[in-house]
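Chains as they are written, first to last, in the numbering used here: chain A, 60 to 585; chain B, 744 to 1144.
Among these hints, one or two may not hold up.
[Claimed, not checked] Chain B side only, calculated, beta carbon under 8 Å to chain A, not exhaustive:
id, residue
1, G788
2, A789
3, P959
4, G961
5, L1024
6, W1042
7, F1131
If you are wondering where the hints come from, they were derived from the structure by calculation, not from laboratory data. Every residue gets a Cβ at the ideal spot worked out from N, C-alpha and C, and that includes glycine.
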Amino acid sequence: MPQRYDAIVIGGGHNGLVHAAYLARAGKRVLVLERRPRVGGAAVTEEIFPGFKFSVFSYVVSLLRPEIIRDLELPRHGLEILPLESTLTPLPNGDYLAMWSDHDQTRRELCRHSARDAEAYDEFGQLMHHMAMAVKPILGMVPPDPTSLSPGDLLGLARLAKHFRRLGERHFHALCKLMTMSSADFLDEWFEFDGLKATKAASGIIGTFLGPRSPGTAYVLLHHYMGEIDGAFRAWGFAKGGTGAISEAIAAAARARGTEIRTDAPVARVLVKGGRATGVALESGEEVAASVVVSGLDPRRTFLQLVEEPELPADFVGDIRRYKFRGSSGKVNLALAELPDFTCLPGVGPHLRGAISISPSLEYVERAYDDAKYGEFSRRPYLDIVIPSMIDPAMAPPGKHVMSIFVQYAPYYVNGGWDDAKREAFGDAVVDTVAQYAPNIRSAILGRQVLTPADIERILGLSEGNIFQGELSLHQLFFLRPAPAWAKYRTPVRGLYQCGAGTHPGGGIMGASGRLAALQVLKDWR
Amino acid sequence: MLKVTPFHPRTAPLAQGQAWRRWAGYVVASSYELLHDREYHAIRGAAALFDVSPLYKYVIGGRDAVRLLDRVVTRNVAKCRVGQVLYTPWCDADGKQIDDGTISRLTEGTFRMTAADPNLRWLHRNAAGLDVTIEDVSERTAALSLQGPNARTILQVAADFDLTGLKYFHLTSARIRSIPVTISRTGYTGDLGYEIWVDAAQAVPLWDALIAAGTPYGLTPAGMLALDVARIEAGLLLIEVDYISSHRAFIEAQKSSPFELGLGWTVALDKEQFNGKGALLGEQRRGTAWQFMGIEVDWDSLERLYAEVRLPPRLPTVAWRASVPIYADGGQVGYATSGGWSPLLKQYIALAHLESAFARPGTPVRMEITVEHRRKQAAARVAKTPFFNPERKRGGGGGGA
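Turn these sequences into a full structure, and let the hints guide you.
Right, dumping it as structure tokens:
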């Protein structure tokens, strides 16, 4: 083992890269090992069809922490986040619901459907703003363990207690409701127009094997509200050049600080000696030594594949085995000869620059879940569609377009298992669903890529194809993510850390796990 | 009645919010869309099209054209080659800045000068005894500014001229869809960009040609609000905002020298004679009292000030133009004159006049912020400008996309 590093990061996903960049910033000699030929993990841009570039997996960004953008000087390394302006929900009766970036425009539009909802919308927005403010400090802290009496934990808990006391009664109660209710029930308390409720509720099911009527989904709704761009919550953006450009910018920032990044370098296992991680062995047989090993992979891959079981306490292994993934979503990427022409709002317009949500009613989304509950992909799925080439024309040849369709539900455990025929049938169901609202879509398709949870697992190594490295359900959050007592990025093996979305605060292109893990590693280093 | 520019027939129908701003007696769009975000991002992410026709433009010719210009401006015009453009300030006899603009050498003996203020009288006064012609072509010449990473690609689609060879701060004559134009690689955004100068009668067809060529590449008409954010990121100063023309200042303290405005690099003290040379030589010897620098407001400090009143930071997404005190140690050491939130850099930035002792990059200072009606001070740092300086601004060749 000739070369010695201070730290080896397993997995060049965006969290692994953020982690490496922060360690390198502190003067550490860091090596990142990525199995695939390119960095980024789920945040990659690939030219699937000649001239057409896709954010193949993860496709929008809202949660990338602004402090990371500043600390790592990502704009100087090419990062630019463009605003995603609107949400259009086509309705089965030929009408639509549009929510614009301009407040008055949205209000007028909501009034067409329900004057009451238009008023409630402002109040709801204000409440969600307070809720996001309430949980925001949690995103930026290493989770304190409530059962611990160590000074650090007690201090963290005291800070939280003080923070929540300041919330006031009304907001504290609302937060409790959000933590426990279903998104449908929560939204029922506010709105009457079904199309609005369904579109909002859809945020509560993304990446989760639950329906809008399942308790716990209100929290996922909130998780998507915490996205913050320029001080405004619930703002979504699109990275110029696709989500891969985010990874490339972070990688460039890490390299600028001396980090070495090796692609096509799959790790076989973590080397452990006397209860302490000493390095890694690559699949090629090569061994690399380091003082610290950090895994950006999900908890199952880290603890059940990379580490020999005898090195870990049995309880912990049990917890990790029970940690829930249950991938529930797929992705369809289309190369288009022309823009989709929506029957409800014909022609080219600003509505094509935002998100298009196929979520006409709560019942529609719940029924989509029903299919999945019994082991089938949704015949009429919930879709979140964006057309990145409308925002960044460089994603497609001039005049042509790319369409990214996030699809839910596509259960990992599908009846009969996923095979080529089932994948194509799934793709057909998605295109048929789009065609109901934009009939020209079929003839516009020049190329189609369909990704099932099985594909996501196979290509990216995300267990069961879960996009968040494990469900964002309450029993898997904060000091319980990924396992009780091991939520502080440390692991039962000394010198082995975790920095992926399987740790607090979880999924989305947020980078917070990578950054917080780096702060913890550096703290332990002293 | 304010005047409208030659592009008004095209720009007026685009103004969704009827948000217009006055510029040199004209109306131009503040933003075309209801919010200026997308127009801003077009500058940094694709390409933006600005109507910059209100600029004052003079064509200067005659045997002594170089002598006149070299007498007026601080840069060395004699060294300016045909096809080159100079950015330059000009000063009064006391070395205090009157205005700033560009000088383009169109032919061996003809120059075009652009200015923010009317300068015809000043040019004539300096032309006494010289063999020159000075023509005010402000109304006759319309101008568009095409800025952003895709600017070259778009212009290349429309123009008959190979733009890969056109260097930063150079110009060429060309045809765009058979319309004769002058294209200069200049702008006010600190990005890759071009300004296109055209006879006012051909303005509308030029607009249409550029929009047609640029739409597939994300070309977006943009207004002054978006431009203001970009020019602050680029550290470019604005007359009557960041400095007062010495011709308009009521008291000496309101005047600034080019050295005090960060334009020392434009002062060719080796030139034989020019307006203000003596005073500027003296200032160079004595040292400059003020510097014009960037300010980066510390996010954590800003967040804390707002958290005290339980608000998230309120960010100036529309750039402000006001005098904001800057403090260090015990007292005030300067004032910021422009500032705003950079959506690209995720940073609150400002341009400020600072006493030289506090102007070194990295110096910790504090900027006044009003939080819920109370004056607070946010921690900040002195920074070099430009805040954002992409390689493509000066870089050559290739596509832009």
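Comparing the hints with the structure gives:
no.	hint	verdict
1	G788	holds, 5 Å
2	A789	holds, 6 Å
3	P959	holds, 4 Å
4	G961	holds, 4 Å
5	L1024	violated, 38 Å
6	W1042	holds, 7 Å
7	F1131	holds, 7 Å
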